[in-house]
Amino acid sequence: MAEWEVVKPKNKAVGWFEERLPVLSLVNNVVGPATPTPRNLNYFWNFGSLAGLMLVIQIISGVVLAMHYAATTGLAFDSVERIMRDVNYGWLIRYMHANGASFFFIAVYIHIFRGLYFGSYKAPREVLWMLGVVIFLLMMATAFMGYVLPWGQMSFWGATVITSLFSAIPVVGESIVQLLWGGFSVDNPTLNRFFSLHYLLPFVITGVVILHIWAKKISDSGNPLGIEVQSGADQIPFHPFYTIKDAFGAGVFFFILAAFIFFMPNALGHPDNYIPADSLVTPDSIVPEWYFLPFYAILRSVDFPLGIPGVIEILDAKLLGVIAMFASILVWLALPWLDTSKVRSGNFRPMFKWFFAFLVVDMFILMWLGAQKPEGNIPLYGKFATLYYFAYFFVVLPVLSRKEKTLPLPDSISSAVLKPAE
Amino acid sequence: MKFIKNITVALGLSVMALSGASAAGTAEHPLQVDWSFNGPLGKFDLAAAQRGWQVYKQVCSSCHGLKYFRFRNLADIGYDEAQIKAMAAEYEVAGEVDEYGDETVRSALPQDVFPAPFANDNAARSANGGALPPDLSLMIKARHDGANYMFSLLTGYGDAPAGFDLSEGMNYNPYFKGGQIAMVEPLAEGLVEYEDGTPATPEQMAKDVVQFLQYVAEPSLEARHEMGIKVLLFLLVLTILLYISMKIIWKPVKAGKNFYEK
Chain A
1 MAEWEVVKPK NKAVGWFEER LPVLSLVNNV VGPATPTPRN LNYFWNFGSL
51 AGLMLVIQII SGVVLAMHYA ATTGLAFDSV ERIMRDVNYG WLIRYMHANG
101 ASFFFIAVYI HIFRGLYFGS YKAPREVLWM LGVVIFLLMM ATAFMGYVLP
151 WGQMSFWGAT VITSLFSAIP VVGESIVQLL WGGFSVDNPT LNRFFSLHYL
201 LPFVITGVVI LHIWAKKISD SGNPLGIEVQ SGADQIPFHP FYTIKDAFGA
251 GVFFFILAAF IFFMPNALGH PDNYIPADSL VTPDSIVPEW YFLPFYAILR
301 SVDFPLGIPG VIEILDAKLL GVIAMFASIL VWLALPWLDT SKVRSGNFRP
351 MFKWFFAFLV VDMFILMWLG AQKPEGNIPL YGKFATLYYF AYFFVVLPVL
401 SRKEKTLPLP DSISSAVLKP AE
Chain B
423 MKFIKNITVA LGLSVMALSG ASAAGTAEHP LQVDWSFNGP LGKFDLAAAQ
473 RGWQVYKQVC SSCHGLKYFR FRNLADIGYD EAQIKAMAAE YEVAGEVDEY
523 GDETVRSALP QDVFPAPFAN DNAARSANGG ALPPDLSLMI KARHDGANYM
573 FSLLTGYGDA PAGFDLSEGM NYNPYFKGGQ IAMVEPLAEG LVEYEDGTPA
623 TPEQMAKDVV QFLQYVAEPS LEARHEMGIK VLLFLLVLTI LLYISMKIIW
673 KPVKAGKNFY EK
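Same order as they appear, the protein sequences are chains A and B.
For what it's worth, the working numbering labels the leading residue of the first sequence as 1, then goes sequentially.
For what it's worth, the working numbering labels the leading residue of the second sequence as 423, then goes sequentially.
With the rest of the complex left out, here is chain B:
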C-alpha cells in the first residue's frame, strides 16, 4: 500500500505544482539587523557568539539539538582547549560497549557531538505536545534571510490581534509562517546570567544566540571572507594584466595587418 500512497502523493503534488493550488500562510518580513558577519569583510562577534553559546546551552538546548556541532568547534569562537574539555565534561554521552556487552556512559570529549535533547523524534514530539523542535545546526541557512528571521522570531512574540484564530496550544508570532508557533516565548528578561556581565535583555540574548547559530550553520564564514578578498584581488590584477596584454597583442590586428597574404 505504501507505494500506492507514494504515487498518489507524487502525482497529486505534480498536479498541484501544475495547476497551482497553494496554501502557504504568510509571514511578516523579518526586522533587519546590522550583523557583524554581514558584508564581504564580515566577521563573527566572538564575545556575542560566546554569550550565544551560553544562551543555547541554558535555554534552547532543552528542546533543540545541534547535531552537526562538536565541542571542539568551540575553539573557533575563542575558547581554549582546557575550557572546551571542561565544558564537554559537563555532558554525558554513550560510550563503547563494555567487556560484558553492556552499554556504558562516559563524559563527553571535545570530539563529541553536542548531545541531543531527545532520544528520537517521537520522544521529542511527545514531550512537546506533538510539535517537533527542529535541529538548529543549519537553521540560519535553512530560512530566507535566516539571521534576521531568527532574531525577529525570538523577539516577535505578542498578543494575537483581535479576530486572529489562534489554535489551542499555539502562540502568536507574526514572523512565523501562518502567524502561530508551537514554541512558547523562549526568552525573558534575565533568563541567563552572562559570564561577562552583559545585561541579559531578550533582545540581547536573541542577537547573541543568532551570532552563535550563524557560526554553527556556517563555520567557514570568516575563512571564506578572508580568502575571498585575496582571490578577488588576485583576479582583479590578473584580469587587468590580461587586458593590457590583449591590447598590446592586438595592435597589429587593429592596424589592419594581413597575416596570411603579402
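Pulled out of the complex, with its shape left as it was, chain A reads as follows:
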C-alpha cells in the first residue's frame, strides 16, 4: 500500500473540518493525486468505476421509482403504467432503471472477465476478488427481485420458477420456499418482501463495494502485465490521469446506454412482462433476463442424478442442477487456489490464453442456450458447454498452473511500456 498522504487545506474552516474528519485525505488517497497507480492500465480497467457509476444511477432512479410504485399485487402493474404515462418523465426514469440494470451487468461482467484474464484474483488480491464475487451474488439477488416488481407475466412466473428451485434442498427446502413466498404460492406477501429487499440490498452492495475499494487500496491496482510495481517510474497519479480516462470511458458507455434508453428501451426486456401477472395462464416459455441466461443454462443442463444408475442415487437431478448453478458462481471464490500459476497476466500464458478465449465463447454459447426452448439438441449442447465451464476451473487451470511454459516477464512496467530513451 502506498503511503497515506494527509491533505492540509489552506482555508481555515475546511482545515478545521479536515482535521476532525479527513474526507479530503480519503478522496485524495483513493482516487486523487496521492494515489499512485500503474501507468499501463488499459481500457478494461475502466469497468470498475463504470460499475460504481451504474450502482449510483440505479439507486437514484430506483429511489424515485419507489416514490410512485405500489408494492401490492392489485396495484403494482397499474402503478408502473402510471409512472410510464402520468408521472413527469416517469418513462425516462423507468427506462433508465430497467436498461441501467442490464448495463450494470455488462460493466460487471467485463470487470469480472478482465479479472479472470489478467489474474486479478491472485495474491495479494484474493480478498479483493472474493468481495467482488459477493457483490456479484448480491447484484443477482437484487436484479431478480427487481424484475418481479412490475408484476407482469414474466415477473410472476420467473419468481415462481426460481423460488421453487430452493425446494430441491433436502429437509429444509420446502420451509425455505414458504419463507421466500410468505405463504404457499407467489403472491402479495412475496411481492411485498421482494420490494423491501430490493430496496435494501443495493445499500448492502454499496457497503461491500466500500470494502472492495478498501481492499484495492491495500493491495493496489493490478495491471495488464501482471507484475508488481517496482519504482515510481512505474506509476502515475490516479488523478488527473485515470479520472479523465474513466470519464472518457463513461462518455462512450453512457452513449450506448442512452441509445438503448431512448431508441430501443424494451429490446432487452421480454414482451410478456407487459401482460399483467396471471397465476392461471403460463407463458409459452419462461425466460430469465439475459444476464442470468448462462447460469440458467447450466441449471437446465444438469438434468441427471448423481450416483450409480440403478444402484444408488446420492443427489437427485433437481438438486444437482441447483447445486451446479450455484457452484458455477461460487467456484470463482476458489480461483486463487485453483490457478496457482505464478504468472498473473494471460498475456504471458500462451496456452491459458486459448482456454480463456474459449471460456468467453462458452459463456456466450451458454447464454444463447439459456434462451432456447430445451428441445432437440439444445440440452445436449448445454451439457457440453456446462462441462467445459467446470472443466476450465477444475481441470484446465490446475493443470496449466503446473504444466504451462510461460513467457518471460518484463523487468518492470516502465521498461516494458516506455520506449527506450534515444
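Every clue listed holds true.
Here are the simulated BS3-like cross-link-like pairs (lysine-lysine), alpha carbons at most 27 Å apart as the crow flies:
1. K676/B with K217/A
2. K679/B with K217/A
3. K216/A with K676/B
4. K684/B with K8/A
5. K373/A with K599/B
6. K489/B with K465/B
Selected chain A positions facing chain B (Cβ under 8 Å, derived; list incomplete):
7. P36
8. E81
9. M84
10. S231
11. A233
12. I236
13. F241
14. F248
15. V252
16. F254
17. A259
18. F262
19. N266
20. D272
21. Y274
22. L418
Chain B stretches covered by chain A per the calculated footprint, using a threshold of three residues with CB under 8 Å from any CB of chain A:
23. 565-578
24. 652-661
25. 674-680
If you're looking for bench data, these hints aren't it; they were derived computationally from the structure.
None of the values given here were measured: they were computed from a predicted structure.
From the three backbone atoms N, C-alpha and C, an ideal C-beta is built for every residue, glycine too.
Here the structure of chain A is known, so what remains is to put chain B in place on it, guided by the hints.
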C-alpha cells in the same frame, strides 16, 4: 387445497422448465410494415392515429377495453379540448354516490378512463363464447414485433388450408399462435366511414388502428425520440471533448515522465 395446487403447479412448472416439455404452437412471422414511428426520428402519423381512434371506437371497443387510456390523452394525437370534451360526453361512466347512497351515472369527462366494454372478465367471456378479449392498452408492447404482428393479425384471416384441424368456433389466422383465433375477422371493406374521407379498406383500417394503439401503448414515444437525439448529441460532444482532454493530459505520461522520482 389451493396451496397444494399452487405448489404442484410451481413444481411441475420448474420441472417443465428443467426437463424441457414445451407445447407452444408456432405462428408465421409478421409482415413488415414501414411505420412512421419506426427509427430514431420516428413520429406518430396523427391523421392515421385519429382514424385509428375512430376504428377503435366503432369496431374494437365493443369487445376490447383500453384501461390505461383516458380521453384527455386524445390531445396528444391532435384533438383540441372542446373536441375531447364532446367525444367524452358521448359515454357514460359511474358517478359519485348520491346523497341517498345510491349509485349514479354521469357523462364521461376528459379525465375519465375509456369505459370498459364488459363489467368484468366473466361477463366478457360469457359474451364471447368463453374467450376473453384482452385489453389493448399495451398490446403492441406485449407481443414480439407488436405493430407488425397486430397489422398482420388483423389482415391475415383466410380459409384454413386443407387438413388444418380448426376447432369449433375458431377462425383460421396463421399469425396467431397455433393458427386459430376466437376473434372473428373484425375488419371489412367500408366498415367505418372515415371523417377525412380516406377509403376504409381493411388494410387501411388495420394500419390506422395500429398507429392509434402504438400511441396508447407508448404515449411517450415522440418525446422520447426527441429527447434521445439531444441526449446523444450532447454525449457525443462531451465524449469528444473528454477524449481530446485525455490526449492532452496524458502527453507527459506518454512522453515517459516520472512523477515520483527525479
